[in-house]
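K.L.:
Quick note, the sequences are listed as chains V and B, same order.
Okay, so the first sequence: first residue is 1 according to my numbering, each after it adds one.
Okay, so the second sequence: first residue is 1 according to my numbering, each after it adds one.
There's no promise every hint is true.
One-sided excerpt, in silico: chain B residues whose CB lies under 8 angstroms from chain V [said to hold, decoys possible]: (1) Lys-21; (2) Asp-27; (3) Lys-28; (4) Asp-29; (5) Ala-50; (6) Phe-102; (7) Val-106.
By construction, these hints were calculated from the structure, which means they are not laboratory data.
This one's a predicted model, so the numbers in the text were calculated from it and none came from an experiment.
Here a beta-carbon is modelled for each residue, glycine too, at the ideal position from N, C-alpha and C.
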Amino acid sequence: MEQKEFIHRQHAHCESGVTSNLLKHEGLNISEPMAFGIGAGLFFGHVPFLKVGGIPATTYRIWPGAIFKRVAKRLDVQIHSERFNDQAKAMKALDDVLATGKPVGVLSSVFYLTYLPEAYRFHFNAHNLVVYGKNGNDYLVSDPVMETPTRIAPADLEKARFAKGLPEPKGFMYYVTGIPSEPAMRTAIQKGIKQMCFFMLSPPFPWFGNNGIFLLAKKLQSYPAKLEPRKAGLYLGNIVRMQEEIGTGGGGFRYLYAAFLQEAGLLLKRDDLLGFSEELTRIGDNWRNFAYSAARILKVRSTDLVSYDELSELLRKCGNDEKALFTKMRKMKWE
Amino acid sequence: MDVNEVPQDEREMSHEAKAKKLMYAVDKDGKYTGVNSVGWEAENLVLKQAWDEIDESLAVTEEKVRKGTLSPIAYFMQKNLMDVALLARYAGKWQWQVKRHFKPAVFKKLSPAELNKYAAVFNITTDQLMNYGKDKQ
């Protein structure tokens, strides 16, 4: 049945990883960093009044689904995507596409992915993975964050595809139906960079883009005075988890994006991009430094004002450096 | 981050957490490359913190169920990392209904159909749901 063997490659992040693996399968050689950059995946957001499990929401990436869609659009890749109300129909539709030998991207909740280690299985409903075939009843799964391909029982996959909560995947699945003969890499890269700069620098709200970093710095500074110590610790821990623990490739996706800038610079023979990549690597190091300092404070259970003040300063440095870098990048000259 | 700076701090947790994640780092020629990491002190700590919080609050709820001040539904909700809103969504109920079912007196009167529904959400049998906490009294 299978026309071409699906090759599993491990990646840092689920959506850019799935995008890369699906496109490579079709013969379009797009790396994970390239997918992440063209899809303008880098972002920042901190929305104190939007609570997830009682903890203010912080994100280092763009909303789920955006990367794959943008990459497909910018590289002129034809895709088919579908949502379902009926669970049986959704599983049947998946089986039908698999029968043609085509790997399928699937949106899922990590809570029901039995192959993941227990400690990672939270109710996070926007995880992407590839289903590339069946063996008996089991589905063959290429989950980009895993080292090796794996498999899952139909009942578990169905639960994962129809998880409830926010957002609801509703059996969302997608696959590639056609690729361009000559992908327009230069314009795709340009559009990706411009969009990332726009989303970082332009939102006139305090919560999104570069502004969000300064909002978080301000809020963080007030934690010791406003929150009981346990809660302050949980809030701070969550920020570090979002930055380092949730498949970001380190430094809240900053290294992944720096890898994109480098690859783009080499491809387009542009020294300015290579320079920006190095700058972002240093900024990524500063984010790691923030995470490390935060963890040290959590370890000794300190809630003294000085340590939280220092953490805020580290954040502001990241914010200022990113603002300067993205402002330069926004002004780049393109032919 | 340089390739040789990618941390390899093994996770030690009561919950299974072994995984080799891919990190992006710069090699000696300045080129980005993917490197596997078994963990980093900082992220291990915050992951453990999140689970300690879950485990501690679950232990408190377990105690309340045993003493008969909360129904097993409250325990299994937490065990499945759900909150009232999410459980209500899964069970097809209003949040106030779910909260009512936390009361042992109300729980005792639930119909088998309703118990089945909750048990299915928690991936356990109806007996396991009904009898939870009783054996340990």
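K.L.:
Sort out which numbered hints this structure fails and list those numbers smallest first.
P.N.:
2, 3, 4, 6 and 7
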